[in-house]
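Trainee: Each chain, written out:
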Amino acid sequence: MSTTETQKIEELANKEYKYGFVTEVEEDRLPKGLNEDIVRQISAKKEEPEWMTEWRLKAFRHWLTMEEPKWPNVKYPPIDYQDISYYSAPKKKPKYNSLDEVDPAIRETYNKLGIPLEEQMMLAGVAVDAVFDSVSVATTFKDKLKELGIIFCSMSEAIKEHPDLVKKYLGSVVPYTDNFYATLNSAVFSDGSFVYVPKGVRCPMELSTYFRINASETGQFERTLIVADEGAYVSYLEGCTAPMRDENQLHAAVVELVALDNATIKYSTVQNWYPGDKEGKGGIYNFVTKRGACRGVNSKISWTQVETGSAITWKYPSCILQGDNSIGEFYSVAVTNNYQQADTGTKMIHIGKNTKSTIVSKGISAGRSNNSYRGLVKITKKAENARNFSQCDSLLIGDKCGAHTFPYLEINNSTAQVEHEATTSKIGEDQIFYLNQRGISTEDAVNLIVNGYVKEVLAELPMEFAVEAQKLLSISLEGSVG
Amino acid sequence: MLLEIKNLHASIDGNEILKGIDLKVDAGEVHAIMGPNGSGKSTLASVLAGREEYEVTQGEIWYNGKNLLELSPEDRAREGLFLAFQYPVEIPGVSNTNLLKTAVNEIRKYRGEEELDAMEFLELLKEKSKLVELDQKFLSRSVNEGFSGGEKKRNEIFQMAVLNPKLAILDETDSGLDIDALRIVANGVNKLRGKDKAIIVVTHYQRLLNYIVPDFVHVLYNGRIVKSGGKELALELEEKGYDWIKNGKSEVTV
Ligand SMILES: Nc1ncnc2c1ncn2[C@@H]1O[C@H](COP(=O)(O)OP(=O)(O)OP(=O)(O)O)[C@@H](O)[C@H]1O
Ligand SMILES: [Mg+2]
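Heads up: the sequence lines are chains G and W, in that order. Position one of the first sequence corresponds to residue 1 (my numbering), numbered consecutively onward. Position one of the second sequence corresponds to residue 1 (my numbering), numbered consecutively onward.
Here chain G stands alone, though its shape is the one from the complex (with noise of 0.2 angstroms):
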């Protein structure tokens, strides 16, 4: 073996100590229950610095004073925020000493999906050893980033190593008063990624790939800061296709963005945390708060998204349209089977001159589920010219499943252009009648309206994800017709 990669193994071996995916014997684990105390404990854990834990209690404090919403269209029973545990180190200790020993249902969706042996044993929490394709793929990957000046950390490593940058953003689109669940992240929030592309670079990859490893062990209060500065471009994807378990029913992330003057963020999402089984029970409840805003003159920000997991997803990734020209765009793919329930959407807040925006929605409907579009766009009194189109399609499969469509409008200022479509359509018998007629089975034949339905979206996706994406739908919809 050549010293180089000698060095570059131990090189990794140092990062997965790092990073997590080495054993560790001890789990680490705070007591259930929210109080000050166990804020100021979370903060202790992850060594921050004292503003840093007094923005956590103050965002504790504030969510004292806040109830639960209740106007999403999703039923759940009552949540009891003193049984949950706020805190719990990434769990180090792999589960299984090989694939083998992994659930064979797990597998075989990790294989309808293509994901590479290497990949499903980092998600099923196999033991690996130290030559992982994908994390020497990650060592060159980061000293490329470092060369052009962009930082990509965790959470915890920016708020000790990027002081600055953290407390100039963090919370300034979703500040800690913003929600219920925005201001309980606020307060106890474990850990997400960080990023921050300098002045005129364009940040030459996805930040992606080897994220989807890491992914598995975010936790459920995830906190993600992206910033793009002056010029910068940066397309960022997170989640992953793979079908993610966690015992934590509720997660309550927080995303915030922010494009300077010129910039452009494109964010990715493919969602696919644990449903719930075929009666409805279990199942993560997902409410997040996903906010952008377009600070800058001709600042761009795009939301894709492709929700598929979860058993109730509550999520409306929003645009603040402030920067005069600038632009926000909004592709939603969101499925709903067996008894899942999603009320999702966004919003567009047109504040600039000459601001666009485009909501593409696809929502599809399968089993028992029920699939909400809510989107609000609002035109400001000083935001001339702006102009928006909304595409909001529902697709049901079988007759059980339900579609709702609640668009809301304010426009203030007469210049505005708003155009809105909705459609609601359904797979018909005849229609999989005669697909099956031409020797397509019936799977087949959903997959191939639904594929022809969401590819506008999908086309948003990069290459590699769109193709995940597309057999993820295919397994989400599984066994919903005949």
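No lab work stands behind these hints, which were simulated from the structure alone. Here the structure is a predicted model, which is why all the values come from computation and not from measurement. Worth double-checking, as some hints may not be accurate.
Covered stretches of chain W, as calculated for chain G (at least 3 residues, CB under 8 angstroms) [what the hints assert, rightly or not]:
hint : segment
1    : 42-52
2    : 68-75
3    : 92-99
4    : 105-113
5    : 196-205
In silico DMTMM-like cross-links for lysine to aspartate or glutamate, where the CA-CA straight-line distance does not exceed 20 angstroms [claimed, not checked]:
hint : chain 1 : residue 1 : chain 2 : residue 2
6    : G       : Lys426    : W       : Glu53
7    : G       : Lys400    : G       : Glu279
8    : G       : Lys167    : G       : Glu47
9    : W       : Lys101    : G       : Asp444
10   : W       : Lys191    : W       : Glu29
11   : G       : Lys426    : W       : Glu145
12   : G       : Lys426    : W       : Glu52
13   : W       : Lys101    : G       : Glu443
14   : G       : Lys471    : W       : Glu106
15   : G       : Lys426    : W       : Glu90
16   : G       : Lys400    : G       : Glu478
17   : W       : Lys109    : G       : Asp444
18   : G       : Lys455    : W       : Glu145
19   : G       : Lys58     : G       : Glu48
20   : G       : Lys455    : W       : Glu90
21   : W       : Lys109    : G       : Glu48
Even glycine gets a Cβ: it sits at the ideal position worked out from N, Cα and C.
Starting from the known structure of chain G, fit chain W with the ligands onto it as the hints suggest.
Mentor: This is chain W with the ligands only, laid out in the frame that chain G set:
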């Protein structure tokens, strides 16, 4: 024998529509089925294609040595049975090309043949679209969406040409076609005839049968084949209508 239907009874929602059909179709033959509205022609076609809403209460169907009623609709298609629908369905978002590509490859997979690559497939589409003079622009359009009545029918025959079935059932493919289109589509169908293949044409009009000349003509009435004959039977029906057959139901010849 490519197709043998024996004493077929089928009902929908408890109503018996087919009341004992017997029909034999050999490879190389063209059979025309005529008969008044509501007599059960499309029902017969649907039962052959495997539509689940119809319940077969009695009888057997043998196709190419197989018990057809035991095959799923997609397997019937993969075994070479094709139905050109009387009312082709619109499938928004799915292009004609995409449907055919999936169909061709599924059928090939079933037969243990290699899937066609993109180039070979496009070649095939080009060649077959010429056969029915289908404008290339229809290839990228969603299946039947916004197609005119005649365009839908032509598209059915285009699909038939691409899938190259052993047994094709054309359910009133002629209705909705203008005079030129009828000639073009019929000529296309004729080019698809072969020694090892058979076609069943369901039609109301003798006109189509001038182009696609049948070996046998059957009259379906009230769920039964009440008369069978050669191509001259179609001319006779054109002239006399159906009343003489309705009244003389005893004349059944199979
Ligand atoms: N669900 C149903 N319940 C009762 N009767 C039905 C049902 N579906 C179809 N039918 C009847 O079955 C009969 C046969 O219909 P079919 O479509 O096979 O006729 P056809 O011979 O193809 O007629 P046409 O020449 O008008 O196309 C019709 O009388 C029709 O009304
Ligand atoms: Mg008919």
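Trainee: Evaluate each hint against the coordinates.
Mentor: Going through the hints against the structure:
no., hint, in the structure
1, 42-52, "holds (count 4)"
2, 68-75, "holds (count 3)"
3, 92-99, "holds (count 6)"
4, 105-113, "holds (count 3)"
5, 196-205, "violated (count 0)"
6, G:Lys426 to W:Glu53, "holds (19 angstroms)"
7, G:Lys400 to G:Glu279, "holds (14 angstroms)"
8, G:Lys167 to G:Glu47, "holds (16 angstroms)"
9, W:Lys101 to G:Asp444, "holds (12 angstroms)"
10, W:Lys191 to W:Glu29, "holds (14 angstroms)"
11, G:Lys426 to W:Glu145, "holds (15 angstroms)"
12, G:Lys426 to W:Glu52, "holds (19 angstroms)"
13, W:Lys101 to G:Glu443, "holds (16 angstroms)"
14, G:Lys471 to W:Glu106, "holds (18 angstroms)"
15, G:Lys426 to W:Glu90, "holds (12 angstroms)"
16, G:Lys400 to G:Glu478, "holds (16 angstroms)"
17, W:Lys109 to G:Asp444, "holds (14 angstroms)"
18, G:Lys455 to W:Glu145, "holds (17 angstroms)"
19, G:Lys58 to G:Glu48, "holds (15 angstroms)"
20, G:Lys455 to W:Glu90, "holds (18 angstroms)"
21, W:Lys109 to G:Glu48, "violated (60 angstroms)"
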